[in-house]
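Heads up: the protein sequence lines correspond to chains Y and U, in order.
Here our numbering is used: the first residue of the first sequence is 1, the next is one more, and so on.
Here our numbering is used: the first residue of the second sequence is 1, the next is one more, and so on.
These are calculated hints, taken from the structure and not from any lab test.
Misleading hints may appear alongside valid ones.
Unchecked claim - Here are the simulated distance ranges between beta carbons: (1) 428(U) / 55(Y): 32 to 40 Å; (2) 552(U) / 117(Y): 50 to 58 Å; (3) 193(U) / 117(Y): 41 to 49 Å; (4) 539(U) / 117(Y): 53 to 61 Å; (5) 428(U) / 5(Y): 51 to 59 Å; (6) 16(Y) / 114(U): 23 to 31 Å; (7) 55(Y) / 192(U): 52 to 60 Å; (8) 427(U) / 5(Y): 31 to 39 Å; (9) 280(U) / 42(Y): 39 to 47 Å; (10) 55(Y) / 566(U): 35 to 43 Å; (11) 18(Y) / 114(U): 15 to 23 Å; (12) 42(Y) / 106(U): 17 to 25 Å; (13) 5(Y) / 50(U): 56 to 64 Å.
To be verified - Capping the alpha-carbon separation at 25 Å, the derived lysine to aspartate or glutamate pairs in DMTMM-like fashion look like this: (14) 118(Y) / 677(U); (15) 113(Y) / 220(U); (16) 92(Y) / 220(U); (17) 2(Y) / 104(U); (18) 547(U) / 463(U); (19) 22(U) / 126(Y); (20) 149(Y) / 677(U); (21) 81(Y) / 533(U); (22) 116(Y) / 677(U); (23) 92(Y) / 679(U); (24) 256(U) / 220(U); (25) 256(U) / 42(Y); (26) 92(Y) / 684(U); (27) 12(Y) / 26(U); (28) 92(Y) / 14(U); (29) 113(Y) / 297(U); (30) 105(U) / 126(Y); (31) 71(Y) / 220(U); (32) 117(Y) / 674(U).
A virtual CB, placed ideally from N, CA and C, is assigned to each residue, including glycine.
Here is how the chains run, residue by residue.
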Amino acid sequence: MKKLTLIVNGKKTQVDSHPFSRLLDVLREELKLTGTKEGCGEGECGACSVLLDGELVNSCLVPVIQANGKKILTVEGLAKKELTPLQISFMKCGGAQCGICTPGMLIASHWLKKSKKKLTTQSIRENLSGNLCRCTGYSQIVDSVRNVKGAS
Amino acid sequence: MTWVGRSALRKEGDGKLRGLAKYIDDISFPDMLHGVTIRSSIARGILREIEYLPGVNWDDFVKVTANDIPGHNYVALLEKDQPYLVEKQINHPEEPVLLLAHPDKQLLEKARTLVKIHADPLPAIFSMEESAKQQSLIWGTNNTFKKYAIDRGDIRSAFENAAVILEGTYETGAQEQLYIEPNGVIAMAHKSEGVTVWGSMQCPYYVHKALLPLFNLPAEKIRVIQTETGGGFGGKEEYPSMIAGHAALLAWKSGKPVKLIYDRMEDMVATTKRHPSKTVIRTAFDHQNKLIAIDIDFTIDGGAYCTLSPVVLSRGTLHASGPYFSPNVKIRSRALATNTPPHGAFRGFGAPQSLFALEKHMDYCARKLNVDPVTFRKSNLIQQGQMLGCGQIVNEKIKIKDVLDRALKESDFKRKQKSFRQHNKKSPLKKGIGLSVFMHGAGFTGSGETFLASIASVKATPEGKIEVLTSNTEIGQGTNTIFSQMAADALHLDFEDITVVQPDTSRVPNSGPTVASRTCMIVGKLVELAALDLKQKLIAAKFLKGKYQRKDFISACKKYLKEVGELKGNSQYKAPPHVVWDEEKYQGDAYGTYAWATYVAETTTDIRTFETTVDKFWAVQEVGRVINPTLAKGQIVGGVAQGIGYALYEDIVWKEGRMANNKMSNYIIPTTLDTPEIEVHFMELPYSFGGGGSKGIGELPLDGPGPAILNAMEYALGVQLNFIPMTPEKLMKQMDSGAS
């Protein structure tokens, strides 16, 4: 099988997965990046959110062939050494409880901040509506995104 | 400086935010197999044969049936009625019949489709009404898992002398916990070494207890380790015992580690849900609209096996007459069997069901009596020194009226009532405002905590730091953080000096299950007492004076470890002296204490589409001392959001005892756009028997949203709405029928 090239969190890597393998499985099983979670397997919950060339996608719906040669950002790629301001804000505002939706929620929030959209409560709610959380009732997630200090 | 009362940062937050926290599906072992569960296809019947169709090499698969069970084939909790694997009798459509394991997940999925279960069907029961008729017996001698009866005063003469009698019938649907991480475990098992299970769970010792008879092994040969758990809400209270047993059986037979993780559809279709309920309430009032008698008939659907239904029924029963005083009380309750997968624990545990009925009924009565629902409630609210329906005299100070007043003020309730009435005259968008007043008892019911006799320990490390050892799990609610805060304060240490050990039955004592809003209040107190015990040992050894600095404590610990040996502090639960419970009459001090609350919902219903949105929500509660304001607020807001789902969106479609909409795309939980701003206000009355002065908090927020939202909708629409979930389709029917 021909090898596929993925640029994951800035690092070029080759995988020899089946081209129709889910990107989610390749990340978790081939590359051992288990931060990205599977919540539903049908693109509904957003726990598997990653950025694919800057676009927010549900990695459970992406065949890995579509990611060939592209840049992928997973939750593991957010913090270098210290947590990012976004992650710190999640910590302070109570944006993470059980933590299982958190990787996807962080990626979606990171994408939203990068998009330079105006961050109001309403715009945050609209843009995170593809990421389900059963613990927080979302208020503290919205607070986390709104109250980020400094650049993300 | 003290830590209790401050928003200390989530202890395990760093790992969760970096994506490094290890949940069960993130863990693998060399040579590990994957497992799947093959389930019955019919709701009730007799298993005849398991047929393996051609298409895979069946010799490569590990197969486990009931015949492979080394010990007893029942999931031990209350009754021994539920098997791990069907032997002959099938009692619900998702009963596990066969387990398969293989290294290749894809092949395993193929094999799953190549198994044919042959069974002879028997008549099945899918509703409480049918079950109550007992024309067909599907469980025991009367289809009844449990009954309770509470009788106080003279109910008959009270009804005879009543000025007004009002009756209503209220129903609630099943609800899926929908933790975002599905159930899953990994097991290793060897005949000589015993069984070890890692998994997503709330109660490691429940799993431990269940595996003992399954393998006929001594306690020390069973080890259960909780991995980072992606939400529970009751859904990982009892079910992990089932899935752990299954994985362990496959591991036992294969000699290899076996991972068994449910996908979303299997988790939704096969695991427990909130019990559906039906409540009939009759109330008698005097001429001043005072409640003089209440007669409640409360029924829940337990599904095919007993599981936790008696306990869920108990909590529902004991909360059924709510925070009101009535001199005469009669409550009858029962949990009935049907041929659906067993219903089980879900945050609130019976109370959201019976309190929905009561708080809907209170609004109904106010309307019929032509009085304002707030004044009406106020004139019947329990006062200090009066007796609750369960026979408990409220001796402690109680702030429920202040809580209610605060909610009215924060929500601007009365002004909004008036302005919405005006607004609704000329708009198809009908605005409503409604409230619910309620309480929630924390900890196990009656003598439950005494029977549990929970133990907690703390231990000094070689660095002079402290480890907290309990079996109470961090499932997102903040166990690690609050235990650290309470232990730090008890020992005058820093938050960073405390570590909470991941529950592992080979390392931690049994401090009871992580349920019933008991972790902070009951186990938190045990952690404090264990810490004091450890401190006392240092003082007794003369390594520490009564007054000390942090560094003195650390050196004292090091010295003790060097010169004496292991340094541990222990504590065991003892009931507060005021708690007296009569199990026979089912009356007395049902709970050590209660949290009290008033919730207000503001809603808009579009009468063209019948869609309802909750525009704003106020949650005011007295929960004792608030240990960590950020985490406490997170508990309330998260619970309210689940309550909004329960009231408006979360509709389980049943077909022949099976959930038909077992997907996140057709079982709808609230998103960011379905949840309003939820204002949370705490009023604090420290409870001296609770950790840090706390009362239970976790379940409380599920009790109030349902009735508050439906009361708001009724105010807006002028139609009687007596059941949840009130989806647009159901509301349309209700309005067409013009119920009032």
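Hint-by-hint comparison with the structure:
no., hint, in the structure
1, 428(U) / 55(Y): 32 to 40 Å, "holds (39 Å)"
2, 552(U) / 117(Y): 50 to 58 Å, "holds (54 Å)"
3, 193(U) / 117(Y): 41 to 49 Å, "violated (56 Å)"
4, 539(U) / 117(Y): 53 to 61 Å, "holds (59 Å)"
5, 428(U) / 5(Y): 51 to 59 Å, "holds (56 Å)"
6, 16(Y) / 114(U): 23 to 31 Å, "holds (29 Å)"
7, 55(Y) / 192(U): 52 to 60 Å, "holds (54 Å)"
8, 427(U) / 5(Y): 31 to 39 Å, "violated (58 Å)"
9, 280(U) / 42(Y): 39 to 47 Å, "holds (40 Å)"
10, 55(Y) / 566(U): 35 to 43 Å, "violated (56 Å)"
11, 18(Y) / 114(U): 15 to 23 Å, "holds (22 Å)"
12, 42(Y) / 106(U): 17 to 25 Å, "holds (18 Å)"
13, 5(Y) / 50(U): 56 to 64 Å, "violated (46 Å)"
14, 118(Y) / 677(U), "holds (19 Å)"
15, 113(Y) / 220(U), "violated (52 Å)"
16, 92(Y) / 220(U), "violated (41 Å)"
17, 2(Y) / 104(U), "holds (21 Å)"
18, 547(U) / 463(U), "holds (21 Å)"
19, 22(U) / 126(Y), "violated (30 Å)"
20, 149(Y) / 677(U), "holds (22 Å)"
21, 81(Y) / 533(U), "violated (39 Å)"
22, 116(Y) / 677(U), "holds (24 Å)"
23, 92(Y) / 679(U), "holds (18 Å)"
24, 256(U) / 220(U), "holds (20 Å)"
25, 256(U) / 42(Y), "violated (31 Å)"
26, 92(Y) / 684(U), "holds (23 Å)"
27, 12(Y) / 26(U), "holds (23 Å)"
28, 92(Y) / 14(U), "holds (11 Å)"
29, 113(Y) / 297(U), "violated (53 Å)"
30, 105(U) / 126(Y), "violated (37 Å)"
31, 71(Y) / 220(U), "violated (50 Å)"
32, 117(Y) / 674(U), "holds (21 Å)"
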